[in-house]
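Number of protein chains: 2
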Amino acid sequence: MKFTAYILDVLTNSVYPARITVGDGVFKEIVPIHVTEETKIDVEGLLLPGFIDSHIHIESSMLTPAQFAKIAVRHGTTSVVCDPHEIANVSGIKGIEFMIDNASTVPFNFYFSAPSCVPATSFETSGAVLDSSDIEFLLKKDEVVALGEMMNFPGVLNGDEEVIRKLELARMYNKPIDGHAPLLSGKELDKYMEQYIITDHECSNFSEAIEKKQKGMKIMVRDGSSAKNMEALFDFTERVNHWKNQASFGIIPTDVLERRIHSPIFDFIVSDDKHPNDLIYGHLNKSVKKAKELGVDIIKAIEMVTINPASHYKLDAGAIVTGAKADFIIIDNLDDFNIQKTYIAGECVFDGENVLFDAPEVQTENSMYVDKKTPEDFEVYCDGDECEVNVIKCYNGELLTKKTVATLKCCEGKVKPDIYQDVLKIAVVERYGGNKVTNAFIKGFGLKKGAIASSVAHDSHNIIVVGYDSKMMAEAVNTLIDNRGGFAVVSEDFGDSLSLPIAGLMSNEDAFDVAKKLDILHKMASALGCKLDSPFMTMAFMALLVIPSLKISDLGLFDGDSFEFIDVIKN
Amino acid sequence: MKFTAYILDVLTNSVYPARITVGDGVFKEIVPIHVTEETKIDVEGLLLPGFIDSHIHIESSMLTPAQFAKIAVRHGTTSVVCDPHEIANVSGIKGIEFMIDNASTVPFNFYFSAPSCVPATSFETSGAVLDSSDIEFLLKKDEVVALGEMMNFPGVLNGDEEVIRKLELARMYNKPIDGHAPLLSGKELDKYMEQYIITDHECSNFSEAIEKKQKGMKIMVRDGSSAKNMEALFDFTERVNHWKNQASFGIIPTDVLERRIHSPIFDFIVSDDKHPNDLIYGHLNKSVKKAKELGVDIIKAIEMVTINPASHYKLDAGAIVTGAKADFIIIDNLDDFNIQKTYIAGECVFDGENVLFDAPEVQTENSMYVDKKTPEDFEVYCDGDECEVNVIKCYNGELLTKKTVATLKCCEGKVKPDIYQDVLKIAVVERYGGNKVTNAFIKGFGLKKGAIASSVAHDSHNIIVVGYDSKMMAEAVNTLIDNRGGFAVVSEDFGDSLSLPIAGLMSNEDAFDVAKKLDILHKMASALGCKLDSPFMTMAFMALLVIPSLKISDLGLFDGDSFEFIDVIKN
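Top line first, the protein sequences correspond to chains A and B. Everything in the first sequence is counted per this note's numbering, starting at 26 for the first residue and increasing by one. Everything in the second sequence is counted per this note's numbering, starting at 26 for the first residue and increasing by one.
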């Protein structure tokens, strides 16, 4: 293939016209040309390197890697560094190997990190444990380019033997270590970084990011479905104040400072988690455009999803240069930023309308090692007429919860939820063979009847269910068990479910179908009175014990402030 | 050590005030502070990371590594990546080991590259050969951080077995490969780069540098004693034209382009060769200041001698961050850019006036394996009254020569030089035991009498001598032999010499003494009629056969255009 086009060159921050020869999957030759009025330019628009998402959990898209690729190429993404942390919690090495195998069936660049923290907590039952020998097994693989986010920062700070061994192995295999250290600062951050943990994607405010960057970390700015940190980290006013403060020192000339304001300082833009109903509308293409709207130099923003991650993870990607794999995209212009075509290894995989490859149907194994439930499994028992209970208070779109207290009526020895106080029942059903159920109460969902259930519940992915009555809760859970995982909405009048039979996390369908079904479920939950925008996501984080204040696992109601289990019924 | 100072942070392109704790040679803690009118700032001026020269041949300073360190710290340099290519040509591995050992005697960061091309040519006798097994021996050393400049680009392009093996070894040991490919472009450059040769320091014009950069090379901008490429590569007009050309495409917004103009695009500033009489006045500090005068953003220029080379060669240097080796300098301000103090591993090594460490006296071994010469050794014999000879025409400050022809008188069978035509005698005396002498003629030196000789003669470093009469030439060469190398000026009336007893390349004295003696020799040469600014340097390059057109080695007069030896006397 030979053609002329304008190349956006992230190596020289410029655009130049060139005659390009592509063959054997690589850029064979790139010869800059001088453009005159007569010169024919074959490609309308602009050639860019394909985008790289350097930190994403594919499982959050609820799609198989192959289906993820199909939607990602529509948005100009050609490579991802993905951390299969979720499936690893469900099915360990076997799950990761499924991801790698499935990824290899499509023309897309999947790189992996070895999930460093499986299980994420010892306060919940997970499906698997990855010890340091498992990590070594993974680090030896060519597809694995990094040690995944080290969430266990207490383990790092306390010198936990297995944690330190995993970090040492990453250095031994010469693979960079990704960090995850929300709000860690000062001496603790110094100590964390002593272990060569070199990236962080958890910065939620400018000064946090600046501290980490000043200490030598590479900062991943998140623009995902759950976490959106671009406004905070690219904030123009914050930057102006930061530099003005310096200008007042009189040390840096004003013109240098003015130019500096448009420079993003930080290193990568990543999505971390991207849900199907967002993913159908855009990926990094949308983030780059948004960065520009926030005042970031457009080419600098593009560097953050091309050459920067490619250099860091040593990927054969990120720039349009002779000898490199011919991954590139064509966009209309830097303002509208529409993806017109996507090429991977020299082959067109998206022609502006259709994706030109198929994703294979996956034969799923059941990962729901759990018996069917009865309404009795979801009762909280208490003598007397009423009792005081500890209640999880959740908020729309937030991972954080608060601990509150409610007085509930008891009837025939069972504690009754109260829709007038918006205090519903919540339960976690262990799905890894132990059949444990923990029941508690939650405020914030707003359901007036029925129940909703999910087998996506970070990070151990047991079944989580919220509802008004025990019968509906049992029915919702049993629907999930029949479906081998997924989401379910159940009520006396109507109900539906999204089946996620792959490890209880991923569908076999494509992004559009999954998004559509998710949309229907959201509408049904809303019809049942639910006040949350993404009830399944909010529910999924109710089991994420590391985020305070009150959470729930299959082992009990967990107080994230005191880091211990507490009773549901207050004594 | 605890103090407050303004830090110039190359990671965030900014300046911030902080409380700094240094101990055990590293930055123990760095805590940003808020400055009020009452805050006491202990350090006047600005704290910067120490500078890193990422490509230098220490031998060109005519100083031992230890003495080089003593002058370099005065200018804020704390690290160098040096290629001991010159001493390797004289004494092989033993010479390199001397450099490493001597470097270790002083508090300064010497990193080395393994010289990839020893000997540089097969058309001259050198003192040593480094084959791929020698390279492997060197690459295993911790001090060796790269494979040195691959000058043998024909060898790369033709797939020479030993060359390819050396390149493979560098990759095997995970050490980057430095390039040296003047004017290489197009498909040949592509092929050269296929071997993972990733830097180039030979770019002498903007479009050459842009091509290499666009292809993915990191560009070292040279500001040395011999080669000065900053004006060409930082040229404001060139850049404006380059970007304007793009602006005319209408693809990149004008404000983005305007900011872009001050961005240097290229990666490092290096010196390559720095002679003692330049070195006493400055090193990278002078280059950064000059870059700023050329319109480059000052902090970007500083990045080119700090974080950029440190990242590339994975050095524990380049930024002021907790846990890093405490190499830093204090400058007065970004305009005057005077180095006030230099610290290495937390110790002050230059206090603004004195260097606070000593360089050891080196016990030298003789490396002049050559017998004393007689005037007869420097005669060109020819029958008849006159003859036509091929003459090297040299130019002030240039490595390039031209081939010219002169008619010379003969007397008693000997061809006579002619000061009226400025045609003098030149000879190369082999110093590695073979005792070969090649005689020829040269135009451009302007000597009216006497002779000058040098044991610095790139790259094989045989003895080279230029003069009017054979007696003086023999005396100059014999002076060098007595001195175990160096420079000599000899005439009937006066004469002097600079002794370079270490491999015939380096002195035991300090930079100021060597520069002073060199200055005296230059004045003497000038008094003998020499018209060149640096006659010894010009002479030293007359044996550098790879640079056209006519050069001389111990094996004969060499035509660099036809790449063959030719006769002195034209037939």
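Hints are supplied without guarantee of correctness; some may be wrong.
Identical chains share a label here; the pair holds if one copy fits it or two copies do between them.
Calculated cross-link-like contacts (lysine-lysine; reagent style DSBU-like; alpha-carbon spacing at most 30 Å) [stated by the list, open to error]:
(1) Lys166 to Lys428
(2) Lys216 to Lys200
(3) Lys65 to Lys595
(4) Lys165 to Lys200
(5) Lys166 to Lys314
(6) Lys366 to Lys439
(7) Lys339 to Lys350
(8) Lys27 to Lys212
(9) Lys216 to Lys339
(10) Lys311 to Lys548
(11) Lys212 to Lys366
(12) Lys27 to Lys428
(13) Lys27 to Lys556
(14) Lys212 to Lys53
(15) Lys216 to Lys27
(16) Lys200 to Lys166
(17) Lys350 to Lys200
(18) Lys314 to Lys366
(19) Lys212 to Lys350
(20) Lys339 to Lys541
Please keep in mind that the hints were generated in silico from the structure rather than gathered at the bench. Every value quoted in this text rests on a predicted model; they were computed, and no experiment measured them.
Exercise for the section: Tell me, in ascending order, the numbers of any earlier hints that this structure violates. Expected result: 1, 3, 5, 6, 12, 13, 20
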